[in-house]
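Student: These protein sequence lines map, in sequence, to chains L and Z.
For the first sequence, the numbering used here assigns the number 1 to the initial residue and increments by one for each residue that follows.
For the second sequence, the numbering used here assigns the number 1 to the initial residue and increments by one for each residue that follows.
Some hints could be false.
[Claimed, not checked] DEER-style ranges, computed between Cβ atoms: (1) Z:Arg99 <-> L:Tyr162: 55 to 63 angstroms; (2) L:Leu130 <-> Z:Gly239: 19 to 27 angstroms; (3) L:Trp16 <-> Z:Asn88: 46 to 54 angstroms; (4) L:Ile153 <-> Z:Gln272: 31 to 39 angstroms; (5) L:Trp16 <-> Z:Arg99: 55 to 63 angstroms; (6) Z:Tyr50 <-> L:Met158: 35 to 43 angstroms; (7) L:Trp110 <-> Z:Ala47: 56 to 64 angstroms; (8) L:Met158 <-> Z:Gln166: 38 to 46 angstroms.
No wet-lab data here; the hints were simulated from the structure.
Glycine included, every Cβ here is placed at the ideal spot set by N, Cα and C.
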Amino acid sequence: MASLRAKGSFKKLYSWLPILILYISVLNEFDLNYLNLKYFSFNFPFILIFFFTLKDFKHFDYILVFFAGLFNDTVVGLPLGLSSLSYTLICISAAYIRNITIRPNPVKDWFYFLFIISLINSLNYSLLSLFFEFELILMNFIVNTFFTFLFYIIFVSMFKYYLKGLND
Amino acid sequence: MASSRDDFIIAIRSAFLKKSTQQKFSLLTLASISVFIIVLSSLDFKAVRYLKAAISEIVYRSSFVVSIPENMAKSAFTEVVEYTTFFNSFKKNSVELERLKSDYVSNEIIQYENKELKELINDYVSSSDKILAKIIVDHDSPFLKSIIINKGSKDNIKIGTNIYDQSYLVGRVIEVNYKTSRVLLLSDLNSNVPVTIAPQNIQAIVTGAGSDYGQIKYIKSGLTEDLVGESIVYTSGTGAIFKSGVPIGILQSFKENSVNEYKVEFYSDFSQLKYVFAEIVTKKEISQTIENNDSNEINNPIDAKIKILEDELKIIEDSNQKFQVENDNLKNEINNLNFKISNLNNEISSKERTISQFNLDNKELEFLRLNLEYGHKCRKSFLNTKGYNVGSENYKTCVLNRGKN
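Isolated chain Z, as found in the complex:
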């Protein structure tokens, strides 16, 4: 019993520690180094990060070179398949193209409006540029679904940068090196994308299934019954990891254990990707944008809008100033006119007074003339008892009436 245990210990020691003539390191040393590297790589030290990036640069390039024969064989096979189905796909594409052309114009308008509205909602202005990136490594590992692209921190790629195949979402960057980056595909198990399912407007999370489709997860209970096949799945933008409104795929229903299940069929075929677009997004605070408005080039609608409003405000201020000056002038003129009016009123009243005096004098004169002529007929005397006393009101009326007759 003891000898068998000794044999075991000797064998173990020999396996771990013995170096043959060709070996420079014992296996125990290498195993320890491996564990040390695992621990170091899990800690986010700057030096380790740079070292990893350097190793990745070399390995990705080497991998690209080594994969050339296999990729050539693969592409040759794909080309043969494409040529055999070329005519049918051409006819199908022609019909599709006509339909898409008609949709294109209205989509452009909607996109522009959508962009403008989104920018109004957010407190920042985002401008994005899509840069073309070549896929240098796309090994279909059964454990991790990722691709390597030939753009890195040199091209402003950051962790989380969204990657597209045309306008369809492919994944996001999870590792950035100087001239290369690793993109986690939507089909990977670790990929979680907040989505909206249209037209039902249901919010959910799409996770990769480790295969060429996605799974609907974290959907509110009860809403599953509202799901219908062929519904469109696009990013909701929740969590600000992915841009909102980017198409992902179509919802497909299938039966599993006589229960309706749903999966997301991606628009993009990840196994056929050769080139992708990386979206470089730059965010600017609106306040800063206004301050720097004069010096910066106007390259987005909100800037243009602010500029128009500022111009409009300036015009209004100028015209307001003019109106104020004009208003003052008019006020002065009104005052002058009022003064003139009051003078004239005074003049009129004095004239009126003169006229009334004149009229009065004229009446008096007329009475005196009539009095001379008809006074004896109206005066009370011995012969005329029906007459009136001189100076009384009746006498005056009598003289005037006689004059009228």
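Looking at chain L on its own, in the form it has when it is part of the complex:
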């Protein structure tokens, strides 16, 4: 009985893993750049949010994504609400592509993801530099977008394993 309960809690925890990872990543803000490569960075929350919204994952609550954005803004020091808006826009884009797609194609999703993150990063750059008068390096945003796009395919394969494990 106890083992069954433990198994149940583990499954529950496992099913909430994407949200948990999202919160850890925004609070920790890790970018895996231990080699100190110039401009290297990628946005892991973008990949995670896009993928799980695209898959309409039932334990991926939008309000939690919204709060994750607020946490990210606080940690990074961006104006409050900016990351929440970015994350919500990713959710909207992913929900839109999910609604109009009859036969999903990973490569199409991948390039659509590139388009969306370019758009969102441009919006972020414009808002920060025009309205909040932040001094920013455009190259950082371009490289970030590029690496996020590259890493998407790697993380997607990992997430697919996770979903497979959950369904099994």
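We have chain L already, so just place chain Z on it with the hints.
Tutor: Then chain Z, alone, in the frame of chain L:
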């Protein structure tokens, strides 16, 4: 064509408004709330400020806890690297320590003099305390270079408080919460520090490059040629944002497109910071300081100086009063003496008169005696035709001359 537009509208509406069974809010609501929060956070309302501070307190603490495993891994790696180079760095440090010890004493004196002079220039007295602060979050974001420290408004941290690594400048506080603060590092693109480049004494602005070095900006044209590598860069204090004379880094020259370019290599390695010092500065007007001098404890040189001057003034006033009393006494004495002198003078003159009268009488008496004795020899008579008439001056002279002979 119309059906494809309908599909698009349906998909959009579905994406924005449709809530699945698990979702409590539609994405359109969340997006609107986000925009509302952005607008609110850009306006500086008191309620929003408190709310932000509360969120920051919770998030920074959570972030610290979540970052523990990564930080442990990082520190373990750093420790391994440090152990492998331990002996070499020990030898290097020993030599450096000896050199620094000799410089220390003269630096102390210079610092004291400098402090005193600065306080004389300013119209206020500044006293500063450095408090130790632990870095709880130091995420190396590619966009913003900042750290979070565990000291806030509770510890008198204010926006603009200067943050140091030992005596080197690290940055300044840009956001203050109750028990935490965000420090904008010098390497951030938004950081601008007015500096002096020594020994050329050139004024410039150092801005962060978004990397681990700073850039020299806003330098007067023509002065760039005077710059030399290895020059010391320290704060000039212009604008009163940063305290003057705080070391920042060393100027390094490099070639870019066959043109000499310069960058500032910071003394402090911002990626290795664990603890920093926050300088709490309190300013007091000099006039107030003098008024409250008696009640306050003397804890700075200008107070001590004023106290010494006041004591000196009191002593001078006291001795001046004594001198005045003494002076009055002496004046009285002089008057008395003058009076005495005038009396004596009168007495002398009366005595002189008496003496002269006596001398005159004595002369007369002598003449009469000689006249009795030699009068007949000088008197003109029938027998003595060469004599003089009695009573004439020649007769008198003749009587006296006869007496001498």
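Student: Taking the hints in turn, state whether each one holds.
Tutor: Hint check:
no. : hint                                      : in the structure
1   : Z:Arg99 <-> L:Tyr162: 55 to 63 angstroms  : holds (58 angstroms)
2   : L:Leu130 <-> Z:Gly239: 19 to 27 angstroms : holds (25 angstroms)
3   : L:Trp16 <-> Z:Asn88: 46 to 54 angstroms   : holds (50 angstroms)
4   : L:Ile153 <-> Z:Gln272: 31 to 39 angstroms : holds (35 angstroms)
5   : L:Trp16 <-> Z:Arg99: 55 to 63 angstroms   : holds (59 angstroms)
6   : Z:Tyr50 <-> L:Met158: 35 to 43 angstroms  : holds (41 angstroms)
7   : L:Trp110 <-> Z:Ala47: 56 to 64 angstroms  : violated (44 angstroms)
8   : L:Met158 <-> Z:Gln166: 38 to 46 angstroms : holds (44 angstroms)
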